[in-house]
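Colleague: Sequence:
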Amino acid sequence: GPTGVGKTELCKSLAETLFDDENAMVRIDMSEFMERHSVSRLIGAPPGYVGYEEGGKLTEAVRRRPYSVVLFDEIEKAHVDVFNVLLQVLDDGRLSDNQGHTVDFTNTIIVMTSNLGSHAIQEISERGGSDAEIDAAVEDAIQGHFLPEFLNRIDEKIVFHPLKRTQMRAIVDLQVARLVRRIQKLGLELEISEAALNGLAAIGFD
6 GPTGVGKTEL CKSLAETLFD DENAMVRIDM SEFMERHSVS RLIGAPPGYV
56 GYEEGGKLTE AVRRRPYSVV LFDEIEKAHV DVFNVLLQVL DDGRLSDNQG
106 HTVDFTNTII VMTSNLGSHA IQEISERGGS DAEIDAAVED AIQGHFLPEF
156 LNRIDEKIVF HPLKRTQMRA IVDLQVARLV RRIQKLGLEL EISEAALNGL
206 AAIGFD
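Number 211 marks the last residue of the sequence shown (this note's numbering); no jumps.
One or more of the hints may lead you astray.
[What the hints assert, rightly or not] BS3-like cross-link-like pairs, simulated, lysine-lysine; straight-line CA separation at most 30 Å:
1. Lys12 - Lys62
2. Lys190 - Lys17
3. Lys62 - Lys82
4. Lys82 - Lys169
5. Lys17 - Lys82
6. Lys162 - Lys82
7. Lys162 - Lys62
8. Lys82 - Lys12
9. Lys169 - Lys62
10. Lys190 - Lys62
11. Lys62 - Lys17
12. Lys82 - Lys190
13. Lys17 - Lys169
Just so you know, these hints were derived from the structure itself, not from any lab.
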């Protein structure tokens with residue numbers, strides 16, 4: 006889905022619901038893994054190379070926090086060699102790091118976000134197209150970008166549609182309620198008018 010519709014927020018909610026902590030999330034920005042050599046940053050540099058002692062960004066994070074939501078953000082930007090690593094995780098539920106240690110992924114929830122089809126989503130939404138038309142356009146974009154052997158290992162694909170004004174107001178209400186509870190713990194009160202809430206929703210929508 007397009008930017009700003011709550012894909013990352015969903016992962017935080019998943020982490021909080023499943024693991025009682027919204028910080029039980031490992032976020033990997035795949036725009037940092039567009040080059041072939043960047044694979045070593047996921048699982049760690051080989052012996053003798055700079056950064057060997059540090060471990061991989063992915064393997065080390067999951068080793069330290071085996072119960073977590075692993076988010077691969079903007080997966081379409083990753084180099085093709087990175088997908089070989091992901092295929093091993095999706096196939097076996099484990100991954101070997103640069104030091105030969107096996108990292109267990111069986112207690113993680115793996116989520117991959119993508120902006121593929123965003124322009125089509127926007128265009129279809131603006132002319133009043135149906136949700137089914139949006140879903141079909143996104144499916145075409147995904148099928149045209151990723152290899153079948155990768156897509157076949159994904160359990161579920163969810164298309165996020167652009168937010169409507171009413172949905173934005175509901176989000177504002179949720180976030181403000183959360184803020185009010187935090188302020189009340191400090192012994193303070195916060196009152197926000199309907200006009201202010203609608204104004205915040207309008208800013209978020211635009």
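Colleague: State for each hint whether it applies.
Modeller: Now for the hints, and whether the structure bears them out:
1. Among the hinted pairs, Lys12 with Lys62 is consistent with the structure: their alpha-carbon atoms are about 21 Å apart, no more than 30 Å.
2. A C-alpha spacing of about 23 Å is found between Lys190 and Lys17, which places the hinted pair at or below 30 Å, so the restraint holds.
3. For the suggested pair Lys62 and Lys82, the alpha carbons sit about 17 Å apart, so the restraint of at most 30 Å is met.
4. Distance check on the hinted pair: Lys82 and Lys169 sit about 28 Å apart at the alpha-carbon level, within 30 Å; holds.
5. Pair hint Lys17 plus Lys82 holds up; C-alpha atoms about 22 Å apart against a cutoff of 30 Å.
6. Pair hint Lys162 plus Lys82 holds up; C-alpha atoms about 18 Å apart against a cutoff of 30 Å.
7. Taking the CA atoms of Lys162 and Lys62, the gap is near 25 Å; set against the 30 Å cutoff, the hint holds.
8. Between Lys82 and Lys12, the direct Cα distance comes to roughly 16 Å. Compliance with the 30 Å bound is thereby established for this hinted pair.
9. Distance check on the hinted pair: Lys169 and Lys62 sit about 36 Å apart at the alpha-carbon level, beyond 30 Å; violated.
10. Restraint check for Lys190 and Lys62: the C-alpha separation of about 36 Å exceeds 30 Å, so the hint is violated.
11. Distance restraint check for Lys62 and Lys17: the Cα-Cα separation of roughly 19 Å lies within the 30 Å cut-off, and the hinted pair is therefore satisfied.
12. For the hint pairing Lys82 with Lys190, the CA-to-CA distance comes to about 42 Å; that exceeds 30 Å, so the pair is violated.
13. Straight-line distance between C-alpha atoms of Lys17 and Lys169 comes to about 22 Å, which keeps the hinted pair within the 30 Å bound.
In summary, the structure is inconsistent with hints 9, 10, 12 from the numbered list given earlier, while agreeing with the others.
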